[in-house]
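Novice: The residues making up each chain are set out below.
There are 2 protein chains.
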Amino acid sequence: MTLKNDLILRAARGEKVERTPVWLMRQAGRILPEYRKVRSKMGGFKELVETPEFACEVTIQPVDILGVDAAIIFSDILVIPEAMGLPYQMVEAKGPWFEKTIKTAEDIAQLKTADPDDLHYVIDAIKLTKIGLNNRVPLIGFAGAPWTIFAYMIEGSGSKTFSQAKKFLYTQPMLAHQLLQKITDSTINYLKGQVAAGADMLQLFDSWAGALSPEQYNEFSLKYISQICDAVNEVPLTVFAKDAHFVRREMGKLNCNSIGLDWTMDIAESREMIGGSKTLQGNMDPCLLYADYAVIKKETIKMLKKFGPDRHIANLGHGLYPDLDKDKVICFVDTIKEFRF
Amino acid sequence: MTLKNDLILRAARGEKVERTPVWLMRQAGRILPEYRKVRSKMGGFKELVETPEFACEVTIQPVDILGVDAAIIFSDILVIPEAMGLPYQMVEAKGPWFEKTIKTAEDIAQLKTADPDDLHYVIDAIKLTKIGLNNRVPLIGFAGAPWTIFAYMIEGSGSKTFSQAKKFLYTQPMLAHQLLQKITDSTINYLKGQVAAGADMLQLFDSWAGALSPEQYNEFSLKYISQICDAVNEVPLTVFAKDAHFVRREMGKLNCNSIGLDWTMDIAESREMIGGSKTLQGNMDPCLLYADYAVIKKETIKMLKKFGPDRHIANLGHGLYPDLDKDKVICFVDTIKEFRF
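Protein chains in written order, with the numbering used here: chain A, 1 to 341; chain B, 1 to 341.
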């Protein structure tokens, strides 16, 4: 079974492509009325994530509606802490919330190392989606990077500063490493399960990378990302560490195919820092899609030219915001698909 | 009247100093039991800001208790939007909230350009504090950078993404410039008033710098910071643009004395990017102060050595967090004061 459109996989591997491929972080979500309709039938976000039929349906929607070059499985990075023994709730307008958090060595000892069976609903959703996609475009699987998952497990919710999670790193570094290793082992199992179920590509999201100093990032985040890159290399892998401008040189040495950039990272400078062996993904400011069509087109073409024809997967520098207009998003996608170098 | 301790002013001007000077962002605040005592007598944060006697008292506390080399006037960056016609409330555990926000050209036209009379309570607090300090250490005045103030005036509160403020930049750039100019004019008036009242040094806080792309930052933030630097040069001025790693080269060209660094910015790299004509301020991760005393000392000395003996004002890369232990903060300050190159 060969994919009809494998542009993203070829771009990730550094092969020639006829045009720059494009997908969007949070492409399956509230910007689509079709998503909101499915969502309103369910109890909430988490029920949607945990029901393979519906997760499959909303995963495929943006391929049909936006015309993107890949689907990404509809899920959440917090399925891993839950599979390890810390259930979460998604509180409307507030975000994730964990009843139990990690405080002691005993708390860590009680966590299990997750395996794909603990996340059968994601695995089933991937299998269903592969059938539904019928090889039109690749399916991307994903997980949170260990530091980001660790931060939620300590804080119990989002945070402006993640100061409690960082306090744990400064005051209990050995325990922090134990927990990070357990998360890493779970994540490797989980990503391998996603590949076995049919994921054609993977992405690691280090959403809270920017909370750490360069030294702490190397010790408590990059080390574990590196383990994952070495362990999971059956399909192309992208590492996206938001705000981690300070580790771009080190990112260039990871055993992965592509590196995500946010919109604060200058494209030419990032190419120089990351080096030629990686495909870059990104990096338009999602707020550009609030502008009028002419501005969107102009700025999108400017971005494409800055990245150049090779080793680029077009995307935003962050997920789509829920109040963006679907037609503006389509304008961004179409501008990329129509552009030729 | 000469200052008994003018280390910070000399360091800012690039003159020789016997040791590295130190102050801390949010040094007057919740980490001090003495502050909490004054605060509990008042209705809340805003009443404290608006009552010169009490603002003066808490401004001087850290000089006595922590032994820092400067006081910074106890106030808030949001006094400017209020003086321009948008009153704010400080909601406990939530942060600032504006009843009215800016949406239209008419909204902007109705705003007044603030002058020091509109902010007499800050001016009076500065005068009182100068008397109370009795020339022991310099007094720092401050304001928010125009983009950060603009962001609050559009959003009406803090935000994870400041997407509404950025939407305004993308969809109504001419109006955005009008509003930014009005904020800039008000800020120049206000800072000149602070200097006239006795402020020995100034700092501009661009707290939401990291929300913008490099291009937008140059157009909508740096341009106005630059106007302020050119207009207010009676005393040394520091520009601290949190997360704005991408404009360090441009920061080096500003007509100011020092540039603040957050803890994600590598010190040697920042020196190279900003150049030798600026003093650097920062940049310890505030979370280091959760560690034990030995770690705090070791990491603080490491930081001092990385900055070197010249053109450095020691500080954190962000404000103190309220749950930090006062004695740990004193350990940081003392380590800096005891260190000799």
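Source of the hints: derived by calculation from the structure; they are not laboratory data.
Keep in mind that a hint or two might mislead.
For identical chains, the list gives no copy identity; a pair is met inside one copy or between any two copies.
Taking lysine-lysine and the DSS-like style, the derived pairs with C-alpha atoms no more than 25 Å apart in a straight line are [what the hints assert, rightly or not]:
| # | residue 1 | residue 2 |
| --- | --- | --- |
| 1 | K167 | K302 |
| 2 | K328 | K302 |
| 3 | K160 | K46 |
| 4 | K297 | K100 |
| 5 | K326 | K160 |
| 6 | K100 | K182 |
| 7 | K94 | K167 |
| 8 | K167 | K306 |
| 9 | K305 | K100 |
| 10 | K16 | K4 |
| 11 | K167 | K103 |
Novice: Next, verify each hint and record whether it holds.
Specialist: Here is what the structure says about each hint:
For the homomeric pair K167 and K302, the shortest alpha-carbon distance between copies (19 Å) is at most 25 Å, but the shortest distance inside one copy (42 Å) is not. Within a single copy, K328 and K302 get their C-alpha atoms as close as 17 Å, which meets the 25 Å cut-off; across copies the closest is 49 Å, which misses it. Proximity of K160 to K46 under the C-alpha cut-off of 25 Å is found in both arrangements, the shortest distances being 23 Å within a copy and 22 Å between copies. With identical chains, the CA atoms of K297 and K100 are never at most 25 Å apart, being 47 Å at best within one copy and 34 Å at best between copies.
For the homomeric pair K326 and K160, the shortest alpha-carbon distance between copies (22 Å) is at most 25 Å, but the shortest distance inside one copy (29 Å) is not. For the homomeric pair K100 and K182, the shortest alpha-carbon distance inside one copy (17 Å) is at most 25 Å, but the shortest distance between copies (48 Å) is not. In this homomeric assembly, K94 and K167 come within 25 Å of each other (Cα to Cα) both inside a single copy, at 23 Å, and across copies, at 22 Å. Only between protomers do K167 and K306 lie at most 25 Å apart by alpha-carbon distance; the minimum there is 23 Å, versus 40 Å within a single protomer.
Taking CA atoms no more than 25 Å apart as the test, K305 paired with K100 passes in neither setting, with 48 Å inside one copy and 41 Å between copies. Within a single copy, K16 and K4 get their C-alpha atoms as close as 16 Å, which meets the 25 Å cut-off; across copies the closest is 68 Å, which misses it. Taking the closest pair of Cα atoms, K167 and K103 come within 25 Å of each other only inside a single copy of the chain (11 Å); across copies the shortest separation is 40 Å, beyond that limit.
Consistency note: the structure conflicts with the earlier hints numbered 4 and 9.
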